[in-house]
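With these hints in hand, go ahead and build the complete structure from the sequences.
So you can see what is in the structure, the chains are spelled out below.
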Amino acid sequence: MTRLPLQPGEVIDRSAPLNFTWNGDQISAFTGDTIASAIMANGNRIFARSMKYHRPRGLLTADFWDPNSFVQVGDDPNVRSAHRLAEAGMEVTAQNVWPSLDYDVKAANGVVGKFLTAGFYYKTFMKPAKLWPAYEKVLAQFAPGGKVDLNTPHMYHDKRYAHPDVLVAGGGPAGMAAAIAAAEAGAQVMLVEHEHLLGGSLLWGTEADRAVAAELVAACEAADNIEILLNSTVTGRYEDNWCAIAQRSHPIAVERLIKARAKMLVVAPGLIERPYVFAGNDKPGVMLSGAVRRLINLYAVKPGQKAVVFTANAAGDRAAEDLTRAGIDVVRVVDARNGGNIVAAKGGAKSVESVELGDGSTVEADLLVTAIGWTAPTSLLNLAGDRPAYDPVAARFFSSQLPDNILVAGGLAGDGTTDQLIAHARDTGELAARRAVVIAQTLQRLTARAVNVDGDIAPMPADDRTTLRRDPHPELHRSTTHGLVDYSEDVSSKDLFSAAKEGYDSVELIKRFTTATMGPSQGKLETVNTVAVLAEARGETIAEVGTTVWRPPYAPITLGALGGRIFEPVRVSSIQPWHEANRATPILAGQWVRPEHYGDPAGEVRNVRENVGIIDVTPLGKLDLRGRDVPKLLSMLYTNKWMQLPIGSVRYGVMCAEDGVVMDDGVTAHIAEDHYMMTTTSSGAAGVWEWAENWLQTEHPDWEVHITPVTTGFTSINVAGPKSRELVARLTDIDLDPETFKYMQVRTGSVAGVDNCFMWRIGFTGELSYELHVPSGYGLHVWETLLDQGADLGIKAFGLEAQRIMRLEKGHFIVGQDTDGLTKMPSVGMNGLIKLDKDDFAGKAELAISLEQTNLPKVVAIQTTDPTIVPEEACQIVRAGTNEIIGRITSSRMSPTLGRSICLGQVLPEAADAGSNLTVVMTTGERITAKVMEHHAHFDPEGERLRV
Amino acid sequence: MTTFRNLVSSSSLNSVRDSGSKTIESMKKLKSDPSKPPRYSAAGLFVKGAKGDTWPRVWREVDLKKSYDVVIVGGGVHGLATAYYLATNHGITNVAVLDKAYLGSGGSGRNTAIVRSNYLTPEGVAFYDRSLTLYNTMSTDLNLNVMFSERGHMTLAHTDSALRTMRWRAEVNKLQNINSSVIDPQEVKKLAPSLDVSPNTRYPIQGALYHPPGGTIRHDAVVWGYARGADHRGVEMHQQTEVLDIMVEGGDGPDGKGRGGRVTGVRTNRGDISAPIVVNCTAGWATLISDMAGVKLPINTHPLQAAVTEPVKVFLPTVVVSGSLHVYVSQTDRGELVFGASVDPFATYSMKGSLEFTEELAGHVLELMPNIGRMRLLRQWAGLCDMTPDYSPVMGFTPVDGFLCDVGWGTYGFKAGPVSGEQMAEAIATQSVPKLIEPFKLSRFEDGNLVGEKGAAAVGH
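Chains as they are written, first to last, in this note's numbering: chain W, 1 to 948; chain R, 1 to 461.
Hints in this document: simulated from the structure, not taken from any laboratory. Heads up, some of the hints might be wrong.
Said to hold, decoys possible - Chain R is faced by these chain W residues, among others (derived, beta-carbon under 8 Å):
#, residue
1, Tyr122
2, Pro520
3, Ile557
4, Met894
5, Ser895
6, Thr924
Where is the CB? At the ideal position from N, CA and C, for every residue including glycine.
Take a look at the structure:
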């Protein structure tokens, strides 16, 4: 055991022990331990094997960004064991090892390491080409990471929206002080801390440090207007301070996404300690100062027996003191500020045994602690457009230009004593609160219909904070030896040198070639060292080389939290309960579920042709159009004319996109003065609405038209068949006399006692039919009344399949099935509806050209020679004896009315004339013959049945 | 008939007058040169490793000359492939490829590296099949392993209409000898066990179009391979070289630009270059570059976002695409899932990612693979896509003599890189339009002969 006696600042609760397993072994831990601190307290030092060479790895930073301690916890892969708290009963296993962590056969790669330089795979495995798939399988074995468990349940993580005045990223001394000051100034504050406790680096500091932390924590907790989120990370900052927060501490959800529109964002994440590059720097026992200080002070874990400390700053000096106090033999402190250096960590693969120093001497030690400087985590600033600039004196990056709604505090802003940093942060919080007020006022003004603010908006408060100083710090990146730069990717400084020599000598190219900085911490430990090594290789400065662009998220976030539940409800009509009760076979049509048939589609067809049937057509898109200029809009959207449509009439129209391709079709009724109702295809409903609004809002904002989508506001029922008039007459006060209520007309009245129903005389099925649009609350009532009243007439409900058969018998095309993304309107045989003498309409220019073209395919009716064969939809039509495609079958069914197979298809003009013989290739490859028919309609081509 | 040779020699520029013969001289020299760049091989790795040697530069760093026979704007796959095939197929090597940043910094380095040839129109199939053929032998052709992973490509159908479109594509493909077929949900499950093929999802999987020859490739390696191959034959690559203007004389527009004009060179941040042929191989900025020559393109630029997860052990062996859910996903050999979607619906040059994209993406991915909710998104990014009205590129000659375009590649430029380079090189060398790219000429927007894969292009990866 390496657990130390009680430490004054420890965060473990020794009165609450717990157990979990590590690779099957029992680990005893205390509440408050991280997985890694507990494993280490039980005497283990090795957590993982490296990606490429499978070298044993121990803790390096002992925090969220530790690259060496990813583990699998149950079904959760890639868990950061130095951050995740230990829980009783966890099953923790090492990743990327085979057969075991202690003995890993792939460690053999280390032996041939010098041949496996970065990017080696680009230079080999090329021949023989047919062996590459085998090579690839081997390479894929080296994929790092844990395992996805395909039994993990699909979890829904609901999201939360927040609107804080001031969002503070970072709950260290600066973040807490900023939050307190902002709250005192009246702001609503959200304080987000990455770790499990507020306090930041003060927590592993001196007694005085912890006292300061305790005071700040108490003040934060006491303030009503500060919401504290622990174990949570601001993962992204998007336009206008739209911030994403990953909350890992939610009591129920594994992880929750909080979306915060923050008026002000204060960024105070502190600094991230940077590893030093030297030979053997990845041996277990090489740690950063922050790691040993956390282990000793927070978790009472002894990180080694004999230590060498390489220090360039106060953090390193403190680490040496902590080690001594914890009873570790500090055999040497090497001070970089006095020219000291370390050259190599030596020993076996599993531990440091000695350290070679810059002066040539070698010291025995099993622990090597480095404190050589900091990386400024500027990600959130970059996401706001900042391009941080490198300061060689302070040896780190600082922000250069920020929008007014972001402020920086703490180590990211500069240096100072704890008191100075807190004072600066308090000024920052107070400034943030003042700016939040002005931003709130400005936003309110922008919202035209909001209650207006009286008087002038105050100017944006200027940044009047006293600037923090920047302490000089030695620029330390690499010793005189080569070592690892990217621990996650096994990329060494030698790899970077050779990549630069090969010409991959810009920061982006070297990243892509060597994969340095591409691992789980996305460069937080690695980027600056990569840039420094590249600068060294090129003989340039860090500023000249520049950095890669930080991209979101700042810390990885689970797909479960991001995805939440998808808001795509299933849509059903008000008649759905009846459909279900009557065993309708459902079919998914876009967002809708609707009845495909009720058991016998052919029988449903025959009944409509002989008696009367009703179908639920609610998904039909319906747009209520009102206003003086509706005819202008209709004229713009459809290719035909609309200015003179009389009240009470219905007209069919086709819409084309600007390229002349058929986009939608449907009928529109002129219901009353300045009032129309447009119907669209079911699948096109949303798109047509957007399209119409696009014309109104961007091209003709002067037109007086109001569009209301009413698709679900009405339940739509089509009553079809020779006996439909007789049936409908029993239910309505509308005069159905065929002399006055003709085909293609519309009436308003009551149906089955329901007022304000619309009734259209149209017919997709080819039979006499009435389409009823009834307020949807009464849909089921009207449907059941129709069935009841029509019992003696032989009424039956029919589904989508019967409707599709009947429309095919009638030769009506379906947009998107018989047409496609390339079908221009002249192809569908309705050139009479293209009115080029109109001023303008969507697609006019292109249609003018395409009307002249002779090579456009045609939509035609097709019948197979053998009436019993129904070619599958999408079967290709080829030139006889060749594989040359000249068309395809777009729709096909067996017609119950005609007792034979019928089709619609698209063919090139050469084969489009009536009587042309066609060769159809079945999906089996068999070829059959068919011929082009004279009329689109296979049945009742003159349309006598629907005009009666 | 205009030929490349008389175009170059009829140019008013003395310095390029006899460059053709010089080029051939330099070609011969290169071939017989004992100091010719070493080939990549396992043996080479072994020798270099043992000796501790490093490899020579993947492409040389040379001074920018005052003139070239051909200047290619844009150092991505299209520009570099054009340069490579100019040199290999036509012996034209006095060529400079200019990039305002580093090679492969645009769409070539931002795409999701999926290749396939199961397109909807016979023209599309022929074009992309040629590209796939070139990708297939690319590692050996370029002597650089581009890690083409022929892992199969599956486009899911969630509705009967989508299934009908899949069948249409399969039937077209079969007639053209492309391996492509419609498979049922059980076969889908066998190929990708992580997919939920049960009927209890919001959009149940009803089948898929399966295309075994499709797969993924290491996109950066394609860039480097072409650059290295072109460099070995004398082509110059110039990074951090931004084109600020294109010099044109005799045109009907301001400054002599535009229709009827003739290109004389380009102005860059590193000085002026004269050249009788300038090729626009940019994406994202295609309209801005063409504007410099007075050539208007019917293109809107939209961002396309992508994202990648942390690595996990390989569990998804094929490429999976779902048009209904606007997502495509594959797992790299490094274990990361790479996701893409459709273009953002608004035009912008901004390459910032959005939070909404990651939310919708994750939601839809979990609809397909409900068990991977614990995987973590590691990084998101965006690239720029130049969209034309018919979702097809603009390739070949323009109303400005000597100014050519290979632009407007929408969301599928990477797949088309090799064949585009090959065909553009032929167009430049022969000064005539190869049959394969004839449908993509700029003039189609004036005469109404639009082409397109629009029917299949929504999420066509």
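| said: Tell me if the interface restraint on Ser895 (chain W) is satisfied: Cβ within less than 8 Å of some Cβ in chain R. | reply: 19 Å, violated
| message | Ile557 (chain W) was flagged as interface toward chain R. Is the shortest Cβ-Cβ separation under 8 Å? | response | 6 Å, holds
| query | Any CB of chain R closer than 8 Å to the CB of Pro520 (chain W)? | reply | 6 Å, holds
| message | Interface hint check: Thr924 (chain W), Cβ to nearest Cβ on chain R, cutoff 8 Å. Holds or violated? | response | Since the shortest Cβ distance to chain R is 11 Å, the answer is violated.
| query | Can the hint on Met894 (chain W) be confirmed by a CB-to-CB distance to chain R that is less than 8 Å? | reply | Cβ of Met894 (chain W) sits 17 Å from chain R, so the hint is violated.
| field | Given hint Tyr122 (chain W) near chain R, where the shortest CB pair must fall under 8 Å | value | 5 Å, holds
Hints 4, 5, 6 from the list above are not met by this structure, while the remaining hints are.
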